[in-house]
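There are 2 protein chains.
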Amino acid sequence: MATGSSGSSRSPSARSARPEVSVLRVGHRPGRDPRLTTHVALAARAFGAKRMFLHPRDDALAERLAAVTHRWGGDFAVVPADDWKSVVRSFPGAVVHLTMYGLPLERCLPRLRRASQVLLVVGGAKVPPELYRRATHNVAVGHQPHSEVAAVAVVLERLLGLPKPARPGIARQRIVPSARGKRVVGGRVRP
Amino acid sequence: MATGSSGSSRSPSARSARPEVSVLRVGHRPGRDPRLTTHVALAARAFGAKRMFLHPRDDALAERLAAVTHRWGGDFAVVPADDWKSVVRSFPGAVVHLTMYGLPLERCLPRLRRASQVLLVVGGAKVPPELYRRATHNVAVGHQPHSEVAAVAVVLERLLGLPKPARPGIARQRIVPSARGKRVVGGRVRP
Numbered sequence: 001m002a003t004g005s006s007g008s009s010r011s012p013s014a015r016s017a018r019p020e021v022s023v024l025r026v027g028h029r030p031g032r033d034p035r036l037t038t039h040v041a042l043a044a045r046a047f048g049a050k051r052m053f054l055h056p057r058d059d060a061l062a063e064r065l066a067a068v069t070h071r072w073g074g075d076f077a078v079v080p081a082d083d084w085k086s087v088v089r090s091f092p093g094a095v096v097h098l099t100m101y102g103l104p105l106e107r108c109l110p111r112l113r114r115a116s117q118v119l120l121v122v123g124g125a126k127v128p129p130e131l132y133r134r135a136t137h138n139v140a141v142g143h144q145p146h147s148e149v150a151a152v153a154v155v156l157e158r159l160l161g162l163p164k165p166a167r168p169g170i171a172r173q174r175i176v177p178s179a180r181g182k183r184v185v186g187g188r189v190r191p
Numbered sequence: 001m002a003t004g005s006s007g008s009s010r011s012p013s014a015r016s017a018r019p020e021v022s023v024l025r026v027g028h029r030p031g032r033d034p035r036l037t038t039h040v041a042l043a044a045r046a047f048g049a050k051r052m053f054l055h056p057r058d059d060a061l062a063e064r065l066a067a068v069t070h071r072w073g074g075d076f077a078v079v080p081a082d083d084w085k086s087v088v089r090s091f092p093g094a095v096v097h098l099t100m101y102g103l104p105l106e107r108c109l110p111r112l113r114r115a116s117q118v119l120l121v122v123g124g125a126k127v128p129p130e131l132y133r134r135a136t137h138n139v140a141v142g143h144q145p146h147s148e149v150a151a152v153a154v155v156l157e158r159l160l161g162l163p164k165p166a167r168p169g170i171a172r173q174r175i176v177p178s179a180r181g182k183r184v185v186g187g188r189v190r191p
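Protein chains in written order, with the working numbering: chain P, 1 to 191; chain B, 1 to 191.
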C-alpha cells in the first residue's frame, strides 16, 4: 500500500528508505464497543502499517479488517497476540511506546526514520507500567490527553507520508478522488 | 495552546500565519458508547482546534471535555449544534468536509493554510449527502476507510504543526517530557 514495497523488506540491503511499521494494541476489551480498536486498526492500515498485533485477541475484529483489506487492497493483517510481552521482546527493531508522558515525537523522528522496522505500541486506559521499561523509546505525540487512533495516524504520517490514491489494478475497489460526491471503481463481485 | 495565539484571532490584521480551526462532528449518537466522539474532541483539542461543534448535542460529553480543558489548559470548548446546517452556512471561512471520496489533502493544503478560519467537518457512519454540496472543499486524508479521529488529527497536524509541550504556568497540570515513566507538574487542587 502506502509503503510501496513488495516482498520481504527484512533484508537491509533491499529495504527502501522508509521503515516497515507494525502496531501493537494492548488493553483491548473484547465485548465492549469495539469501534475504538477497529479505528486504530483501520488507521494503521490506511496510513501504511503492515500489521496490527492485538492483545487480547479478537477474532471477529480481525475478520472485519480482513474483509476491508480483501476489498480495498494491500496485505494488512490483524495478528492475535496472546502474550504482548513476547511481541515486544522478539520484535526485530525499534519498539516505540506512544504515551503523552514520553519525549516529543519531533525529537525522536530522525532516529525512527533510520530504523528498518518500527513497532508502535498503544495502550488503552490502563497501560502496563513495565511497557515504559520494555520500550526502546517512549514517545509523545503532544503532551495532552487525546487518542491512540490519532497518535498512530500522526506517527505513521510523519514516518511514511500521506497515503496516495490507489493505483488501478491493485485493489478490487478503489476511489477516484472527487471534488463533489463519491466515485468508486470496481465492486465487490469480481472474483 | 498549540496555536500560541491569544485574544481575538478574528481580526485579519492581527492573525498569525496559521488559520483558526474549528471542528464540526455530525452524526454523533448519544447513548451509544461515546468514546469515539470523545476521542475526536480530545484530538481536536490536543492538536490545536479552538472548538468542536457537536450534532446532536451531548451535554455530558461537553462537560467531560470542559474538565479536561480546566485541568490541562487552553480554552477549547464543545459547542452544542442542534442544527448542523446553520453552523456550516454561517461559518466565516473554509468548510472542509473530510471524506475518503474527496480530493487529496496534499493538493488542498496550500489553500487551507491561507484561510483565516477553517471548519473541519467529520461525519459518523451515515453522512448527510448534502454535506458534499454545502462544503467548500471535500478533502480525503488518504482514500481508504479509516477514522474521523485520525482524519481530524492529521489535518490539524499538517495545518498547525505538532503540538509543543505546555509552557509552565499555562495550565494547572502539565507533563514534563520523559524518556521513562511519568512526570506531571501541578495537580488538581490548585485554585
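Just so you know, these hints were derived from the structure itself, not from any lab.
This one's a predicted model, so the numbers in the text were calculated from it and none came from an experiment.
Note that the Cβ used here is the ideal one computed from N, Cα and C, for glycine as well.
Heads up, a few of these hints could be off.
[Stated by the list, open to error] Here chain P is said to cover these stretches of chain B; the calculated rule only asks that three of the stretch's residues, wherever they fall, bring their Cβ under 8 angstroms from a Cβ of chain P:
{"hint": "1", "stretch": "25-35"}
{"hint": "2", "stretch": "44-57"}
{"hint": "3", "stretch": "85-98"}
{"hint": "4", "stretch": "134-145"}
{"hint": "5", "stretch": "159-167"}
{"hint": "6", "stretch": "172-181"}
[Said to hold, decoys possible] Not close to chain B: a few residues of chain P, all C-beta gaps over 10 angstroms, as computed:
{"hint": "7", "residue": "100"}
{"hint": "8", "residue": "106"}
{"hint": "9", "residue": "110"}
{"hint": "10", "residue": "116"}
[Claimed, not checked] Here are some of the chain B residues that sit facing chain P, going by a computed Cβ distance under 8 angstroms:
{"hint": "11", "residue": "70"}
{"hint": "12", "residue": "149"}
{"hint": "13", "residue": "153"}
{"hint": "14", "residue": "185"}
Each hint tested on the structure:
{"no.": "1", "hint": "25-35", "result": "holds (count 3)"}
{"no.": "2", "hint": "44-57", "result": "holds (count 3)"}
{"no.": "3", "hint": "85-98", "result": "violated (count 0)"}
{"no.": "4", "hint": "134-145", "result": "holds (count 8)"}
{"no.": "5", "hint": "159-167", "result": "holds (count 5)"}
{"no.": "6", "hint": "172-181", "result": "holds (count 7)"}
{"no.": "7", "hint": "100", "result": "6 angstroms, violated"}
{"no.": "8", "hint": "106", "result": "6 angstroms, violated"}
{"no.": "9", "hint": "110", "result": "14 angstroms, holds"}
{"no.": "10", "hint": "116", "result": "22 angstroms, holds"}
{"no.": "11", "hint": "70", "result": "13 angstroms, violated"}
{"no.": "12", "hint": "149", "result": "4 angstroms, holds"}
{"no.": "13", "hint": "153", "result": "3 angstroms, holds"}
{"no.": "14", "hint": "185", "result": "11 angstroms, violated"}
Hint check: violations occur at hints 3, 7, 8, 11, 14; the rest are consistent with the structure.
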